[in-house]
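**Q** Residue strings, one per chain:
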Amino acid sequence: MLNYHPTIELLTDYTAGSLALSYSLCIATHLEQCKECRAQVKKLEHVGSVLFDEIDPLEASSNNMDDLKQAFFNRLEEQNKMSDTMTALNTVNSHDGYRVPRSLQQFVPEGYDALNWVRISPSFQTAILANEENGTQIALTRVKAGSNIPTHTHTGDEFTLVLEGSFSDQSGVYKRGDFVQLNQQHTHKPVVTRDAECICLTIVDAPIQFTGLLTRLLNPILRKVHPYRG
Amino acid sequence: MNRAIGQQDTTLTDDIMAVAEKRDQAALGRLFDHYVPKIRGFCLAAQPGAMLMADDIAQEVMIRVWNKAGTFNPSAASLNTWIFTIARNARIDYLRKNGRHISNIDPELLWSDIEDENVDLFRDVQQARDKKRIHNGLAQLPTDQKQVLAKVYLEGKTHVEAAEELGLPLGTIKSRVRLALHKLTIYIKR
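Same order as they appear, the protein sequences are chains A and B. Position one of the first sequence corresponds to residue 1187 (the working numbering), numbered consecutively onward. Position one of the second sequence corresponds to residue 115 (the working numbering), numbered consecutively onward.
Calculated from the structure, these hints are not laboratory results. Any given hint could turn out to be false.
What the hints assert, rightly or not - Quick look at which bits of chain B chain A covers, simulated, 3 or more residues with Cβ under 8 Å: (1) 170-176; (2) 242-255.
To be verified - Straight-line alpha carbon distances no greater than 25 Å define the calculated DSS-like cross-link-like pairs of lysine-lysine that follow: (3) B/288 / B/245; (4) B/245 / A/1255; (5) A/1228 / B/136.
To be verified - Which residues of chain A face chain B? A partial, calculated answer using Cβ under 7 Å: (6) 1199; (7) 1231; (8) 1241; (9) 1253.
Backbone N, C-alpha and C fix where the C-beta goes; we use that ideal spot for every residue, glycine too.
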């Protein structure tokens, strides 16, 4: 049973397809682990389908429906000549003992170990999955069992999803599948539980900033791996 | 009126099954006639005046309907819901490749249907009840609540964008959506 979920606004925007793809990726990864939110999304999809069904066909009809239909069937015939078209589902491969969520497999095709990890500190590594055009960065963080991440603040919006292991901060304990949303108002000092390393998916607008006296020296490294130059 | 809609849905469901099982192109043609105007309307709501885009996405959706017909499962989703999700994904994909939301992320993997194990009759009954409540509830929503839902679902606006466009505080938009969803018996804890 998970304790931390996306808000209903995020689930609605995700279901409607209006949420940015980077954030949608994080929601989708949560859904793979969360039956409760999947049931919500099913209902929200149904809301969408009723609104969709209410679209007045006359208003949206094209004058040249026959031409469009002809063009469509030509396109279909072209496609059918090329190959067998029934789509097959991808198989889920597991590597290094972890099962990579389906939503992340496009970025993690060969398991977490095969990624290009950048060491930020002896216990804290990060691997960039994608830099989006709007400046959002999709990354994984990997923290050793029992270690803590120095106190830091968030300079933009951040979504975190626990993929493996668990961590805690002053507000709670976050386990596999839990969804955490943070922004500039949050300063925290997460600690990873002692039994296992913790891997998280993070979607960030801007890099985090360490606030400790010494750890501030790490900020330039974080800025370097993040394309944001605010 | 309601019965007419019900009958029409049954016929369309027969058509999609014929596409899946017999690769019946005449049935696909009937689905085209019914859904393409709606798909065009759905696209034009997000990008008013973009006729070429609407035509292109409508064709793409019908191609996907042909290709994926075998995965349609009438006990998991109604045909309308299934087509709505395909249209939504095709619209996202189009916008991702053509400007508005350029992205490296393949949307196909983000809305893939995750089937729950332990499919049971109770779930089907529950789902049918939910659908009926949502259908009836939407018809009775106040205009301001329905307007916001339409902005989010049909025009593809986020809550934040809807607030900007309507010139209302984000809190007002959120509470309208929450009130509406509550009436549709979508229970909100958070």
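**Q** Give a verdict on every hint.
**A** Status of each hint after checking the structure:
1. For the region 170-176 of chain B, the stated coverage by chain A holds: 3 residues have a C-beta nearer than 8 Å to a C-beta of that chain, and at least 3 were required.
2. With a threshold of 8 Å between beta carbons, the proposed coverage of the region 242-255 of chain B by chain A holds, since 5 of its residues qualify and at least three are required.
3. A distance of roughly 23 Å separates the Cα atoms of residue 288 of chain B and residue 245 of chain B; the hinted pair therefore holds under the 25 Å criterion.
4. As the CA atoms of residue 245 of chain B and residue 1255 of chain A are separated by approximately 31 Å, the hinted pair breaks the 25 Å bound.
5. Distance restraint check for residue 1228 of chain A and residue 136 of chain B: the Cα-Cα separation of roughly 29 Å exceeds the 25 Å cut-off, and the hinted pair is therefore not satisfied.
6. Given hint, residue 1199 of chain A at the interface with chain B, holds; its Cβ is 5 Å from that chain's nearest Cβ, closer than 7 Å.
7. Checking residue 1231 of chain A against chain B: minimum C-beta separation of about 5 Å stays under 7 Å; hint holds.
8. Because the beta carbon of residue 1241 of chain A sits about 4 Å from the nearest beta carbon in chain B, less than 7 Å, this interface hint is met.
9. Here the hint on residue 1253 of chain A is broken, as its CB sits about 9 Å from the closest CB of chain B, past 7 Å.
Violated hints for the displayed structure, listed by number in ascending order: 4, 5 and 9.
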